[in-house]
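A.B. asks: From first to last, the protein sequence lines are chains A, B and C. Throughout, this note's numbering is defined as the position within the first sequence, counted from one, plus 27. Throughout, this note's numbering is defined as the position within the second sequence, counted from one, plus 3. Throughout, this note's numbering is defined as the position within the third sequence, counted from one, plus 17.
No lab work stands behind these hints: they were computed from the structure. Take these hints with a grain of salt, some might be off.
Stated by the list, open to error - Cut-off 25 Å, straight-line C-alpha distance, at most; resulting in silico cross-link-like pairs (SDA-like, lysine to any residue):
id	chain 1	residue 1	chain 2	residue 2
1	B	Lys102	C	Lys182
2	C	Lys71	C	Glu91
3	B	Lys194	B	Arg150
4	C	Lys182	A	Glu127
5	B	Lys55	C	Lys49
6	B	Lys199	B	Leu155
7	A	Lys119	C	Val186
8	C	Lys49	B	Lys199
9	C	Lys182	B	Arg71
10	A	Lys119	C	Val168
11	B	Lys199	B	Gly184
12	C	Lys71	B	Arg71
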Amino acid sequence: MEEGGSAVGLITHEAVPGVVTTSLRRVLNWSRKSSLWYMLFGIACCAIEMMATGASRYDFDRFGMIFRASPRQSDLMIVPGTVNEKMADRVKVLYDQMAEPRWVIAMGGCAINGGPYHGEYNIVDGVDKVIPVDVYVPGCPPRPEALMHGVLLLQDKIMREGIEIPAPAGR
Amino acid sequence: MAETAVTGQLKQEATTPAEHELFVNMGPQHPSTHGVLRLMLTVDGERVLSLKPDVGYLHRCFEKIAERRSVPMVVPYCDRTDYLAAITSEWAYVMAAEKLMGVEVPERAEYIRVIVGEMQRIASHLLWFGTFALDLGATTAFLYSFRERETLFDIFQKLTGARMLYNYLRVGGVRNDLYDGFVEDMQRYLKLLEEKLIEYNNLLTGNRIFETRTKGVGVISKEDALAYGASGPVLRGSGVPHDLRKADPYSVYDRFEFGIPVGEHGDVYSRFVVRVQEFYESIKIIRQALKDLPGGPWQGDVPRRMKLVGDVYTRVESPRGEVGVYLVGDGSDQPYRCHYRSPCFVHLQLLEPMGVGHLIADMVAIIGSIDIVMGEVDR
Amino acid sequence: MSDHDTTQLPEHLQRVAAALRDQYPQLAVEPKDGNWLEVKISADQSPEFFRYLKEHPGLAFDYLSDVTAVDYLEQGHFQVVYHLVRIGTNAKGRGKLVVKIDVPRDNPRVPSVVDVWPTANFLEREVYDLMGITFDGHPDLRRILMREDWVGHPLRKDYVDQRPKRTRVTR
Chain A
28 MEEGGSAVGL ITHEAVPGVV TTSLRRVLNW SRKSSLWYML FGIACCAIEM
78 MATGASRYDF DRFGMIFRAS PRQSDLMIVP GTVNEKMADR VKVLYDQMAE
128 PRWVIAMGGC AINGGPYHGE YNIVDGVDKV IPVDVYVPGC PPRPEALMHG
178 VLLLQDKIMR EGIEIPAPAG R
Chain B
4 MAETAVTGQL KQEATTPAEH ELFVNMGPQH PSTHGVLRLM LTVDGERVLS
54 LKPDVGYLHR CFEKIAERRS VPMVVPYCDR TDYLAAITSE WAYVMAAEKL
104 MGVEVPERAE YIRVIVGEMQ RIASHLLWFG TFALDLGATT AFLYSFRERE
154 TLFDIFQKLT GARMLYNYLR VGGVRNDLYD GFVEDMQRYL KLLEEKLIEY
204 NNLLTGNRIF ETRTKGVGVI SKEDALAYGA SGPVLRGSGV PHDLRKADPY
254 SVYDRFEFGI PVGEHGDVYS RFVVRVQEFY ESIKIIRQAL KDLPGGPWQG
304 DVPRRMKLVG DVYTRVESPR GEVGVYLVGD GSDQPYRCHY RSPCFVHLQL
354 LEPMGVGHLI ADMVAIIGSI DIVMGEVDR
Chain C
18 MSDHDTTQLP EHLQRVAAAL RDQYPQLAVE PKDGNWLEVK ISADQSPEFF
68 RYLKEHPGLA FDYLSDVTAV DYLEQGHFQV VYHLVRIGTN AKGRGKLVVK
118 IDVPRDNPRV PSVVDVWPTA NFLEREVYDL MGITFDGHPD LRRILMREDW
168 VGHPLRKDYV DQRPKRTRVT R
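Chain A with its partners taken away, still in its complex shape:
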């Protein structure tokens, strides 16, 4: 199957049923996006909406997303809430503890650029001043549907990622 082939990327071999050909990149990306474990990290008001998104009505579990308390066990860090000077170091420590591949969603106005608290004496204007961010979800707080949309966009982004195959020695 060539790159940029059919949209799904899978072809069933007619001669041998049950065999699927695809590319390694697609399989890896698909498995990563389908099981994004996010870190249970709640800073402020957006955390409540994040909890609501994970709870009964808007369920995160159907995307394969469960919360993990430890950064070492999570792939995704959703940063819900204002990052201030005291918290900024801690956010960096948490991010550094996550193993690659890792992604960050900045949830809410405060995590994007300080939000309603932009420019104040104790506020870091946006969590992307501390760690790199992949998806920005605006809102104050964003509705659970908005956060889910952000997660789906992240899944698309993950599908587009490439994997590095190390060059064989001698080349």
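For this one, chain A is given, so just place chains B and C on it according to the hints.
C.D. replies: Only chains B and C this time, still in chain A's reference frame:
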């Protein structure tokens, strides 16, 4: 550089533990600390020997912001202090502004404020119930309570436009009138809630595991509760029948008949029971208010150019305790000083007397029983 | 309203005013908004005055609701404000008391009331942190909301934010 700054801070603040003691850092990222609370524990095995709370991880300069915004512009920031009980936070502030400006609130607006305030109490206690149970390991209660919360949010959305941070109270009244069908929606919701409360009580209140984990844990005596400035369910759980809605009635609370649930032993279980009983009292108040709802305007006469003169301290009974706003005006339309007295900030001082001698697992129950919201603690 | 004319006050407030005047005859007692009485004292009267408020049976203010401070930059002083109420006592009447202490801006020191009401511990620490007023006799006076190494007291009217600008972090 960031790493050494953080670890340096940790080393500085730790008291040097003796040989059998261990310094354990709980937070600011921790599944059970309800936000960015950091507890510096010295433990002997699992037993807590000393405890120091470290706060400020959500300090968002609310009081400084209030000095540079006009009077109505501060209301959304009040929402975001206690983000689980936004209405009561706004209420303290708009009451203070109304007192300084001499604005009268029409009756209908007062009744609407009471209804929305009690709805907010129900929403906040539902979340407390779910997360408290989740901390102790009962995941089902979390999903159940969020289900009821979502139904309540539907009503809030139709009324105010927002799920959680409403910006609904205004100086002199409320932003808009109740929508057509609000009374029916609320009555249907209250009936639903009463049915579900039976489910919740079946889940937790008589549950032997729950009782063992919470009875006798985190006891605070009446005298200590008063001396340490406890308020709300924490104070009532220790046997002091003090509720601002009865002791110092504001708005139209003196027109309603409701009880004050009081706990007996001052432990986590008593505080739990007090909050569960408050569900029923809130339902009572809302039903009475819906029945007696007067007609009329929902916004009073407010001068176009607001002028704050003097200073005043207003207190409101939020789901967490006594919320106070000290507002100072200097004749302009911006507050000169707006101080927010947060009940949870004061309750954090109770953590050490309550927690010393208990296990770390009991600490989780104790923190849950205080119902901490860090947005309010740090402002 | 003159401090010698207490007949205008409602009865329960008159009792509070009378008990105050027992020990402090020069004290100016002003009524405020509903059930509040306001008094102004000096910093050196402070420890005995607060103890008197708590222990005198006619006063019995057992609950310190709030300690805060206001920066009157133009007038050159800070004003520390205490709000006291009575809750669990047998004293009749619902008087509430506001106590104000003015301190000069160049040397803001006030005695601590932690011995009288333990709740003042965190409240005074916050005033120290954000306004820079020192509370003599406080067992643990250090910053509570700002970072430990912060310089300056942010809620002062002449505070200037001098942090260096942060730039965005990318992968």
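A.B. asks: Each hint needs a verdict: does it hold in this structure or not?
C.D. replies: Okay, the hints, checked on the actual structure:
no.	hint	result
1	B/Lys102 x C/Lys182	violated (41 Å)
2	C/Lys71 x C/Glu91	violated (34 Å)
3	B/Lys194 x B/Arg150	holds (15 Å)
4	C/Lys182 x A/Glu127	violated (29 Å)
5	B/Lys55 x C/Lys49	violated (38 Å)
6	B/Lys199 x B/Leu155	holds (13 Å)
7	A/Lys119 x C/Val186	holds (11 Å)
8	C/Lys49 x B/Lys199	violated (46 Å)
9	C/Lys182 x B/Arg71	holds (22 Å)
10	A/Lys119 x C/Val168	holds (22 Å)
11	B/Lys199 x B/Gly184	holds (23 Å)
12	C/Lys71 x B/Arg71	violated (37 Å)
When the structure is compared with the earlier hints, violations turn up for hints 1, 2, 4, 5, 8 and 12 and for no others.
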